[in-house]
Amino acid sequence: MQEHQHHIKLPEGSIEKQTTTLNLGPTHPATHGVFQNILELDGERIVSAEQTVGYIHRAFEKLAERRPLYQITTLTDRLNYCSSPINNMGWHMTCEKLLKIETPKRVDYLRIIIMELARISDHLICNSIVGVDSGAYTGFLYVMQYRELIYEIYEEICGSRLTTNIGRIGGFERNFNAVAFEKLEKFLREYPKVLKEFDNLFVRNRIFMDRLQGTGAISAERALNYGFTGPNLRASGVDYDVRVHNPYCSYGDFDFIIPVGKTGDNYDKFLVRDEEMWQSLSIIEQAYRKVQDFKGADAEVFHADVPEYYLPEKKDVYTKMEALIWHFKIIMGETDIPKGEVYFSVEGANGELGFYLISDGGRTPYRLHFRRPCFVYYQAYEEVTKGSMLSDAIITMSSMNLIAGEMDA
Amino acid sequence: MQALTTRAKQVQRKPLSWVERIYLWNIFKGMLITFSHIFKKQPTIHYPEQKRTFSPVFRGLHVLNRDEEGRERCTACGLCAVACPAEAITMEAAERMQGEEHLYREEKYAAKYEINMLRCIFCGLCEEACPKDAIYLSETFTPSDFTRESFIYGKENLLIPDPVKQPEAFAKARGLN
Ligand code: SF4
Ligand code: SF4
Chain A
1 MQEHQHHIKL PEGSIEKQTT TLNLGPTHPA THGVFQNILE LDGERIVSAE
51 QTVGYIHRAF EKLAERRPLY QITTLTDRLN YCSSPINNMG WHMTCEKLLK
101 IETPKRVDYL RIIIMELARI SDHLICNSIV GVDSGAYTGF LYVMQYRELI
151 YEIYEEICGS RLTTNIGRIG GFERNFNAVA FEKLEKFLRE YPKVLKEFDN
201 LFVRNRIFMD RLQGTGAISA ERALNYGFTG PNLRASGVDY DVRVHNPYCS
251 YGDFDFIIPV GKTGDNYDKF LVRDEEMWQS LSIIEQAYRK VQDFKGADAE
301 VFHADVPEYY LPEKKDVYTK MEALIWHFKI IMGETDIPKG EVYFSVEGAN
351 GELGFYLISD GGRTPYRLHF RRPCFVYYQA YEEVTKGSML SDAIITMSSM
401 NLIAGEMDA
Chain B
1001 MQALTTRAKQ VQRKPLSWVE RIYLWNIFKG MLITFSHIFK KQPTIHYPEQ
1051 KRTFSPVFRG LHVLNRDEEG RERCTACGLC AVACPAEAIT MEAAERMQGE
1101 EHLYREEKYA AKYEINMLRC IFCGLCEEAC PKDAIYLSET FTPSDFTRES
1151 FIYGKENLLI PDPVKQPEAF AKARGLN
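From first to last, the protein sequence lines stand for chains A and B.
If you count the first sequence from 1, position 301 lands on 301 in our numbering, and the numbers rise without skipping.
Residues are numbered in our numbering as their position in the second sequence, beginning at 1, plus a constant of 1000.
Just chain A, same shape as in the assembly:
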């Protein structure tokens, strides 16, 4: 052993540590959420990282065991809160699978419009935050107005912006109004320009490329072993997309491509998300055209005809006994729910969001499990950041789109 010259006199028997331990989080501003990483640093390089989970665990799965199906939607809002409508819709479709409800085409298309808007707003946040973390703040501010517009569209339909609780089992709580469609048209008209500008700012920007290329890379094989899905898997080159492999909600009627990367590094993730936004935009356009094709009575359909699960109209509740009885039964959670076990998954904004629901025929689920993609990604965090600089690890965290609310459920 080499003799070291110390400025500080260490107590007898202590071992000199060559590395620094750094607690990154749970309340570090750069982690965008309640994450904790215990990093072992050699200078600025990461030697090892230990991830802790559970800082905002709210026991959603347990809470759900005491709630009738329609109330669980409010829990799903709070998973990935950047794209809560996708979670809401995923949950409704899970219930519909259990209850064997067929939704009309118009409902499917409206849902697709909402889900793809949510995907855009989620990717928009993720990509622009990658920009912020690499020192390019401006792009983030320019695109935020359009996320705002997306939120306004939600607001017209469900009355809320972030924790949307949008839609009901069987359809939507109300039909889309003219203002919602107006705002959607405005979005379709103006957003491509904004996204183009965003691309101009980032995609071929040398500093940005230097920061992102080669950091946070993961091979397709390792990603599959971890159970990656969504954009993070596609960035490694696997074209797996629930919308294509297991089409739900009439996604089969739509034409879109699956962008894939090669190396799985942060730059590939950025590009995949960027291209997915363009694809979502085209899906929304197609869906909107299909929605406009409905004429007459068909154009007024916004929910399936399932009086056992879908609340009767308010004016009937006020005046008719029959409707009032159904209203009470549904709200009290006293309608029959079949026994069964279903798994349903949707392509959430950051991966396959799955709902595993067991019902024993009671008024609440017997057991519910959410398959949360973020939880899976976070397991790989040590592997992808080992040996990289601390500042790259921060970018990796945002480009994996880790969202604490979803990770901890």
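The set of hints was computed from the structure by calculation and includes no laboratory data.
Each residue gets a CB set at the ideal place from its N, CA and C atoms; glycine is no exception.
EDC-like cross-link-like pairs, simulated, lysine to aspartate or glutamate; straight-line CA separation at most 16 Å:
id, chain 1, residue 1, chain 2, residue 2
1, B, Lys1132, A, Asp316
2, B, Lys1155, B, Glu1092
3, B, Lys1051, A, Glu152
4, B, Lys1112, B, Glu1092
5, B, Lys1051, B, Glu1139
6, B, Lys1132, B, Glu1068
7, A, Lys320, B, Asp1133
8, B, Lys1051, A, Glu148
9, B, Lys1132, B, Asp1067
10, B, Lys1014, A, Asp210
11, A, Lys105, A, Asp298
12, A, Lys314, B, Asp1133
13, A, Lys290, A, Glu300
14, A, Lys329, A, Asp316
15, A, Lys329, A, Glu313
16, A, Lys186, A, Glu285
17, A, Lys17, A, Asp42
18, A, Lys100, A, Asp305
19, B, Lys1009, A, Asp274
20, B, Lys1029, A, Asp199
21, A, Lys315, B, Asp1133
22, B, Lys1040, A, Glu197
23, B, Lys1009, A, Asp255
24, B, Lys1132, A, Glu313
25, B, Lys1014, A, Asp199
26, A, Lys17, A, Glu40
27, A, Lys386, A, Asp42
28, B, Lys1040, A, Glu190
29, B, Lys1041, A, Glu190
30, B, Lys1029, A, Glu197
Restraint-style ranges between C-beta atoms, simulated for each label pair:
id, chain 1, residue 1, chain 2, residue 2, range
31, A, Phe181, B, Gln1050, 21 to 29 Å
32, B, Arg1021, A, Leu390, 22 to 30 Å
33, B, Gln1098, A, Phe328, 26 to 34 Å
34, A, Glu16, B, Tyr1047, 52 to 60 Å
35, B, Thr1044, A, Tyr366, 42 to 50 Å
36, B, Trp1025, A, Gln292, 39 to 47 Å
37, A, Tyr366, B, Ala1171, 47 to 55 Å
38, B, Ala1171, A, Asp336, 38 to 46 Å
Position chain B with the ligands against the provided structure of chain A, taking the given hints into account.
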């Protein structure tokens, strides 16, 4: 990996050309975009001087409704409390006595009705559950306060002004003007 579908498309990832490698050019390009934004319309508003208009279905602060004659609509059926996923609503029912017909619309009414605004998640399910059009979510926020107790809103905070005695305040609360 072999492709799983026919829809996969590789993202463009070509190396930088020599023009793109020049820092100065990149800075110039970025600045050009930034400068062009100086002349654009300001997208932000100056809250609280200016307020944005909410959608008519916005889920804000709760209001307990009255009918045209100013009688309380709520009949203390408790559906809103059952429907509330956050368990924020409590109430106590009472029977309407002789001579109170001008106060309460139904024979039973809520003597006490409380919503804990710190528990409430503004999901709107209570509004949806109410069979009497008695509770709805208005287009305002919950104002901030200093103590936890003050966020437990009772009937005195929630009830809408009387449309007969204070028609203007009523219309304002309903968002009619
Ligand atoms: S808005 Fe939702 S959380 Fe709030 S009181 Fe009504 S049902 Fe409960
Ligand atoms: S507000 Fe409506 S749902 Fe709630 S107790 Fe009164 S009448 Fe019933």
